[in-house]
Amino acid sequence: MTPPRPNPSASANAPGGVSAPSPPSPPRSGIARSRLAEQNRTAIVTGILCIVLIIALMQLWLLTATMNAFLGGDHAVVWPALGASIVCLLLNLGLLRYLYLLERP
Amino acid sequence: MADPTPIRVHTPNGRPSDAQPKWRQDFPIDTQQDNFVARRDFTKFMVLISASFVAGQGWIALKTLRGEGGNAGPKAIARVDEIAVGQAALFFYPGEHDSCLLVRAGEREFLAYSNKCSHLSCPVTPDVPSGCLRCPCHHGSFDLATGRPLAGPPRRPLSRIVLEVRDGKVYATGVEERTA
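The listed protein sequences derive, respectively, from chains A and B.
Per numbering that gives the first Met the number 0, the first sequence starts with residue 0, numbered consecutively.
Per numbering that gives the first Met the number 0, the second sequence starts with residue 0, numbered consecutively.
Simulated from the structure, these hints should not be mistaken for lab results.
Some clues are possibly wrong.
Stated by the list, open to error - Covered stretches of chain B, as calculated for chain A (at least 3 residues, CB under 8 Å):
hint, segment
1, 32 to 38
2, 42 to 48
Unchecked claim - Computed beta-carbon distance windows for the label pairs:
hint, chain 1, residue 1, chain 2, residue 2, range
3, A, L70, B, P135, 50 to 58 Å
4, B, P135, A, M66, 22 to 30 Å
5, A, A64, B, K168, 39 to 47 Å
To be verified - Pulled a few chain A residues facing chain B out of the computed Cβ check, cut under 8 Å:
hint, residue
6, N39
7, I47
8, L48
9, I53
10, A55
11, T65
12, M66
13, F69
14, L70
15, G71
16, H74
17, V77
18, S84
19, N91
20, L100
In this text, a Cβ means the ideal position worked out from N, Cα and C, and glycines have one as well.
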């Protein structure tokens with residue numbers, strides 16, 4: 000395990016430019032570290048969830064608009080809408096992959 | 000920045016959370032961990048929903064490829080003298096299950112629309128004196144002259160059947176679907 004490094008900014012701000020070495024910070028316990036990691040993970044997964052929700056809502060709107068156009072006899076929008084929906088799914092799958100990477104120890 | 004205050008996470012066997020069996024990690028006791036698992040699972044479910052939306056789009060695209068509906072060529076649906084002015088008749092076009100309404104609005108004016116309401120496919124009934132077609136299910140109504148929605152939940156007009164009158168007979172020659 001590496002020893003804690005002295006903080007360079009602390010010594011630069013000290014009066015006279017010379018200061019006593021700052022006392023080493025107390026070692027963080029493993030539980031506290033994992034707690035911090037858990038908080039970060041929850042924040043990240045919340046962000047991913049928000050993006051996935053927005054993309055899924057866009058897909059829902061796209062599906063209803065396409066269905067309305069199709070039932071009205073307008074078939075020109077069907078294939079571009081399918082392409083856009085696939086792109087949205089790929090974005091979601093990318094975020095899901097990131098979620099799995101996040102869970103990996 | 001100060002270190003966060005260490006908070007001890009109690010687990011049933013005293014080992015850290017990461018060392019717990021998989022089933023216990025999926026049903027955590029700790030609130031923070033539970034928030035993570037709930038949001039993670041909801042995200043996975045939303046990605047599944049996203050895939051189902053793509054499946055729906057694919058189904059519509061397949062229906063386009065198969066070319067369902069469309070025109071089935073001219074078909075004699077009634078004789079002119081069979082229907083009095085202000086009366087209506089039921090016929091099937093283009094398929095044998097596609098019910099349509101033929102309305103004689105004037106001496107020389109015939110109108111025909113799909114009989115399915117554009118809201119939820121209930122059969123519409125003609126109300127020739129008031130110039131509209133009414134859907135009894137959700138009280139939607141359509142303009143008899145154009146087939147466009149006048150009131151109620153329908154947003155799309157009724158499909159119009161293209162007619163042709165020759166040799167004393169009324170022929171259906173095509174279906175005109177419209178979005179507005």
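Checklist entry - What are the numbers of the hints that this structure violates, sorted from low to high? => result 3, 6, 9 and 20
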